[in-house]
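Go ahead and model the full structure; you've got the sequences and the hints to work with.
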Amino acid sequence: MDSRDPFRHNVLTSGHRACSGCGEAMAARMVSDLIGPDAIYINATGCLQVFSTHNQQSSWQAPWIHSVFANAAAVASGVEAALRARGKDTPVIVQAGDGGTFDIGLQCLSGMIERGHDILFVCYDNEAYMNTGVQRSSSTPHAVRTSTSPPGRLSQGKTQLKKDVISIMAAHHMPYAATATVAFFPDLKAKVEKAMTIKGPRFLQVLSPCPLGWVHDSALSVSVSRLAVETGLFPLVELEHGELTGVMRLAEQKPVEEYLRPQGRFKHLFGSKEGTVELHHLQALADARIRRYDLLGADTQWTTATAMQSQRHGRGGYAVSDSLHERPGSQGAQEVKADA
Amino acid sequence: MPDPKTKSKAKTKTQIKKSVKPKLAINPGSSTAYHTGDWRTEEPVYQNKWPPCSQTCPASEDIQAWLALAARQQWQAAWHKLSERNPFPATMGRICYHACESPCNRKHLDTAVNIHAMERYLGDMAIAHGWRHKPACDTLSGDKTKTQRVAVVGAGPAGLSCAFQLLRHGYSVTIFDEQSEPGGTLYSAIPDYRLPKSILAKEIDAIVALGVELRLNTRIGQDISESDLRNQFDAIFLAIGTRQPRQFQGKDNSTHSVMSGIDFLQALMLAESRHEKMTLPKKVAVVGGGNTAIDVARCVRRLGSEVTVICAQDPHGNHHHDLATEMPASVLEVIEAEAEGVHLLYRAGVRRLVRSGEHLSGVEIAHVDQVHDRHGNFNPKYFDGTEEFVPAGLIIFAIGQEANWDGLENLFQASESDGVWLGGDAVSKSKVAAAAVGSGYQAAMSIVASLKGEQAVFDHLKAVTKKSNKITYRQMQLSYYPTRSRHEGEMISRRLDGFKEVVQGLTDDDAFSEAQRCLSCGVCFECDNCWHFCPDAAVIKKTGGYDIDYDYCKGCGICANECPCGHIDMVAVKE
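Chains A and B supply the protein sequences, listed in that same order.
One point on numbering: in the working numbering, the residue at position 325 of the first sequence is 1244, and numbering is uninterrupted.
One point on numbering: in the working numbering, the residue at position 279 of the second sequence is 280, and numbering is uninterrupted.
Read the hints as simulated data drawn from the structure, not as lab findings.
Do not rely on the hints blindly, as some may be mistaken.
No more than 20 Å apart at the CA atoms, straight line, and that leaves these computed lysine to any residue pairs for SDA-like [stated by the list, open to error]:
#: 1; chain 1: B; residue 1: Lys543; chain 2: A; residue 2: Ala1238
#: 2; chain 1: A; residue 1: Lys1108; chain 2: A; residue 2: Lys1173
#: 3; chain 1: A; residue 1: Lys1173; chain 2: B; residue 2: Thr484
#: 4; chain 1: B; residue 1: Lys543; chain 2: A; residue 2: Gly1236
#: 5; chain 1: B; residue 1: Lys542; chain 2: A; residue 2: Pro925
Examples of chain B residues toward chain A, derived with CB under 10 Å [said to hold, decoys possible]:
#: 6; residue: Pro29
#: 7; residue: Arg41
#: 8; residue: Ala69
In silico negatives: residues of chain B with every beta carbon more than 12 Å from chain A [unchecked claim]:
#: 9; residue: Glu43
#: 10; residue: Trp51
#: 11; residue: Thr112
#: 12; residue: Ala202
#: 13; residue: Thr326
#: 14; residue: Glu365
#: 15; residue: Phe413
Computed from a predicted model, the values in this text were never measured in an experiment.
In this text, a Cβ means the ideal position worked out from N, Cα and C, and glycines have one as well.
Structural data, given as structure tokens:
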């Protein structure tokens, strides 16, 4: 057991094989540290599963189980039902990428919500199948270059739109569905903590930049995810039982170009007539989202400016229970392969 | 994924020791057995940097450090940290032209931190609470009381600052001054509306309380000879200041209705202390573009006369090509002077004094084309045909002062190896009080090193005082800081009634709030950003700071990019 850090558990600890600057590793560490090690984590196939359990070495310092792409929510439903049958209330967390949520895992997820399992489903949304070589997913935004949506004579990247999965979730009339991103830690913390106080199915979509697939400098992961929110392209919202109950107001709306410029996946949009049209399209999409969620006028707890402000001695960290450090033995977390 | 077992290990930076397992354990276990640190080509390094305020401060105060203490409401600690370098915070907070504030990185977010008001607040607080200076507790001081004696000539800011540092290091110090009161120019030439005498006196008292022997009314060369001084003391610091007014170089031999700025301020102070009112003619002309000229003009206004300042240079902000043609006075002083009804004439020089017999009726001025000649000397060129008449019953020349080395010629020639140090206005180019304080500090440190005969100590000190790694706002992430408006001390109304202090100090709430405005440029304030954002859990938080676990850091650069204050540098990994 790794307990180098006295101020957090590092449920997802060092030594994992994520790329340098991985937004998903950052997001997963934040979320799992906010929940703590006393929970059962179910992982769909995806980057997170691959890089955190490479070659029989696990980065997970909590009970963790891998299922296949499609059925993480179904496995979690079984785990939750078993715990319930045994009278336990250990939290059950599903972690999946956008492939395991938007595409392949959607029907299991929908079933899990419909059946009302007491599970938090966290989707680390990096907007393509990054693990297998940056193929488009239904989460990939409009006009993005991926290996299966190359821009050229016939198209400017992906021709379709990003699937509005949070609305699909909300349409299940589920207790809690929210979007978050790594750049605003206080917001992410508040959402995870709120989700953990609610019983029933909860859904959290965390935008996680991918330096490899988004083709930006590894140092810019946080900045890029912040700009996604500040431009209005990725609204941070909370929906309870289908109703919009909270948004992150934009202190000022930034032009989408600021978000697109640092990313190589949008590079083809700059410098051509067709690209300019798509730039206008993306700006219009951002404007539409801002109107839809009233991101400029809503009366909110904080804004994009106040949510990121730094303070002397931080703005809150992770709850650390002593149990972690008292556990006997220094063996790594047990890895159970469901499909082994 | 291919087996990375064969990768070479370059674990030079291992901060946290752990039993290193084989690179790729075959047995199931924790991923911490696999050290991802050798992926990186750049690595983050925590690096304290000099903020621009400290870089600019002539007294080299660690402004960020004392503001950080003030922001935690550790007022006394903040005052100790501040007075370590500058034992005159209440004084300097009032009169210093706060060069520190113009490069403040905060101006790129909203407005600069009001450093001088904070300095004054701490100084006033120390006076109100009667806080006492602490002896220096660094490696230089040692435990033994020193037997060596040091003479300081001149009880101005440079001399007192030097004496203060030496006293803190345990030396016995004697200060000589020809005046009857310590303080030098601070005492004699700064009007009460900028610096009440009682404030200065209390700060000097705090230095004297450290056990200095103060010998006033004593001039070297008259009351004590140079050789006596050399024999009695192991080291001598000369900070005699500039007390000799420069004379008007015109064809006017009469001294009637002509004064120097320094003499005027001294006479005024004398009259005020006796509660007499100085009487002046209805119209007064002041010649000069420096702070003394502005001080004199503002005093004249308070005595009820009209005043015209004749200044050879340009007004502030018009120096598109050449800074040297801008008037040397502080811009704030000029703004306040204009608000008080002082009339300023720029690019004008006095050609002659117009007299009817002895009686002065005014001065003839002309347009000045070139202020300095190509050697940099003040040598104005006048244009014929631009003459104007300025009526004045008194003309006050505030055109600079010089040091008076009479009786000190031999000491002036001596060098530091002879045990004689020079400092203060008399030898430095910058004639501001803070620079004098700084020069006193430098001299004291040099004297300490020399008396202890430890070249190493001296070199170490030089290295410490050398300022490098300046940080600019471009290396910082200003969007992480909330905007907060600057707090100012209140201005009194009816300021022309007497010599009451014009600017008031900050209130307690304002001071606390103002201290928190400091961005802590280049110095970590533990915001946790690097810790939260590290994707590899390679930043480890400890009580009071962070460690980077170089075993796992992949060198992505997020921590450096998201550090609000620019405390983290990315440096190339050495092979």
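Numbers of unmet hints, in rising order: Per hint list: 2, 9 violated.
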